[in-house]
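Q: Sequence:
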Amino acid sequence: MRLVNFKYFMLIVILLFLSALTACSKSSPQVISPKSERKVKLRCVMSSEDNIKLEAFKTFAADIKTQFPDYDISFSFIKGDIQNYQTKIKVLLSSNDKPDIFFSNGDGFSDELLSANVVQPVDKYLNELKFWDMVIPSAKVDGSDSHIYAVPFEEVYYQMIEINTALFEQNNIKPPTNFEELKIAVSTFKSKGLVPIALAGKDGRAVYNMVEGFACTIDPQVTKKIMNGKEKFSDESFKEAASSVKDLIDMGAFGDNPKSLTDADAANLFYSGKAAMYCASSSDFKISNQKLNGKCRLLYYPYIGKSKSIVSNNLVGGLRKNSGLLISSTSEHPKEAVKLAIEMSKYYNKYLYEKQGNPSIIYIPSKQSWKLASSAPVSLQQFTKDLSVNKNITAALLQGNINVNASKAVIEDSSAFMTGLLSVDSYTREMDNGLKLK
Numbered sequence: 562m563r564l565v566n567f568k569y570f571m572l573i574v575i576l577l578f579l580s581a582l583t584a585c586s587k588s589s590p591q592v593i594s595p596k597s598e599r600k601v602k603l604r605c606v607m608s609s610e611d612n613i614k615l616e617a618f619k620t621f622a623a624d625i626k627t628q629f630p631d632y633d634i635s636f637s638f639i640k641g642d643i644q645n646y647q648t649k650i651k652v653l654l655s656s657n658d659k660p661d662i663f664f665s666n667g668d669g670f671s672d673e674l675l676s677a678n679v680v681q682p683v684d685k686y687l688n689e690l691k692f693w694d695m696v697i698p699s700a701k702v703d704g705s706d707s708h709i710y711a712v713p714f715e716e717v718y719y720q721m722i723e724i725n726t727a728l729f730e731q732n733n734i735k736p737p738t739n740f741e742e743l744k745i746a747v748s749t750f751k752s753k754g755l756v757p758i759a760l761a762g763k764d765g766r767a768v769y770n771m772v773e774g775f776a777c778t779i780d781p782q783v784t785k786k787i788m789n790g791k792e793k794f795s796d797e798s799f800k801e802a803a804s805s806v807k808d809l810i811d812m813g814a815f816g817d818n819p820k821s822l823t824d825a826d827a828a829n830l831f832y833s834g835k836a837a838m839y840c841a842s843s844s845d846f847k848i849s850n851q852k853l854n855g856k857c858r859l860l861y862y863p864y865i866g867k868s869k870s871i872v873s874n875n876l877v878g879g880l881r882k883n884s885g886l887l888i889s890s891t892s893e894h895p896k897e898a899v900k901l902a903i904e905m906s907k908y909y910n911k912y913l914y915e916k917q918g919n920p921s922i923i924y925i926p927s928k929q930s931w932k933l934a935s936s937a938p939v940s941l942q943q944f945t946k947d948l949s950v951n952k953n954i955t956a957a958l959l960q961g962n963i964n965v966n967a968s969k970a971v972i973e974d975s976s977a978f979m980t981g982l983l984s985v986d987s988y989t990r991e992m993d994n995g996l997k998l999k
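Numbering (my numbering) for the sequence shown: 562 to 999.
Please keep in mind that the hints were generated in silico from the structure rather than gathered at the bench. Where hints are given, some of them may not hold.
Stated by the list, open to error - Label-pair restraints from in silico Cβ distances:
id, residue 1, residue 2, range
1, 782, 733, 34 to 40 Å
2, 981, 730, 30 to 36 Å
3, 813, 842, 20 to 26 Å
4, 745, 628, 51 to 57 Å
5, 811, 930, 31 to 37 Å
Backbone N, C-alpha and C define an ideal beta-carbon position, used for all residues, glycine too.
Construct all of the structure, not just a fragment, from the sequences and the given hints.
A: As structure tokens, this is what we get:
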């Protein structure tokens, strides 16, 4: 009997204990670990060399806080030119005060950082955040080892031909879409005492860009194939383009002494109405259009293949490899850093589009509900609108895609080709050799 009573006693004690414990848990406040209260801390650094970027990001630090209330964001500019900025970035990356996000314009600086393993690939996060749905196809440029190391940031420009529409109309010439039409236009303008095509023949880079522009009308991937070692300059596509340019040289398409012309000389010929066309970059269009009182238009390189029915929309240019906002390899919050970098990129591109009237941005404006400033030329608006669906775009070879010595060789060979020192065969073979330089 005493044993039974003891069992009941113990049962009652246990029930009372559990009841008290439940009451305490309901009345006690929830303890939050210090870690859960901590904000995501990110540091962003930019170069102060570009006044447009300085103006664009003037109020960014304050504006971004409302969008990222859970982030502790530090945003600053490094004073001085781009060389000083790059030196300072390298110092910071080797210190205890490393930035999470910083800008690189590509070229050797990004390559140096990749070699030192101080930046990390971002393609995984860009895919997760559906970044590629927001931007034009050509914004996606593979970096080293097929990874992407930069969040695309800057505006995009392409190798184009500008035409003086007034001269075309006065001489009853339609803008050429193939090489035969281009030769007819050249002959007509030459007979009228005009320079058909203004080109900086003294600059081997400009000469190479023109040959590359024609080559990509045959095969939009020719430059990529050459970079990857799958094709040579001396193979059919590029060689045919060089032969076509040699035909234009022999016709006098570039004036009497094009090998002595700088880009400033070529531009002035075009602005003064003495040249009907001008091999340039789409970045030059705004000033050209102003100089010609709105009588300027961008022309894709005419197709030089055998078919006469193809209208090419192939382009060379776009973003530099590994150019944009890089993420430090030591960042504790890489996905959050990429998310913030995307917002920085959008912030800057929106400023260019809405405040500067520059439609040459990487984002598709209709997907962002952005309104273009009224100052943008209509023809440039149409061209950039077409970029949102154009997949026939390749990166330029001389846009940081080969090393400095190889670039120098290609430029020198192109100058020699323009002056007549190299034949088509010699020119393409010499560039094959130059590409092997380290």
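Q: Taking the hints in turn, state whether each one holds.
A: Against the structure, the hints:
no., hint, in the structure
1, 782 - 733: 34 to 40 Å, "holds (37 Å)"
2, 981 - 730: 30 to 36 Å, "holds (34 Å)"
3, 813 - 842: 20 to 26 Å, "holds (24 Å)"
4, 745 - 628: 51 to 57 Å, "holds (56 Å)"
5, 811 - 930: 31 to 37 Å, "violated (52 Å)"
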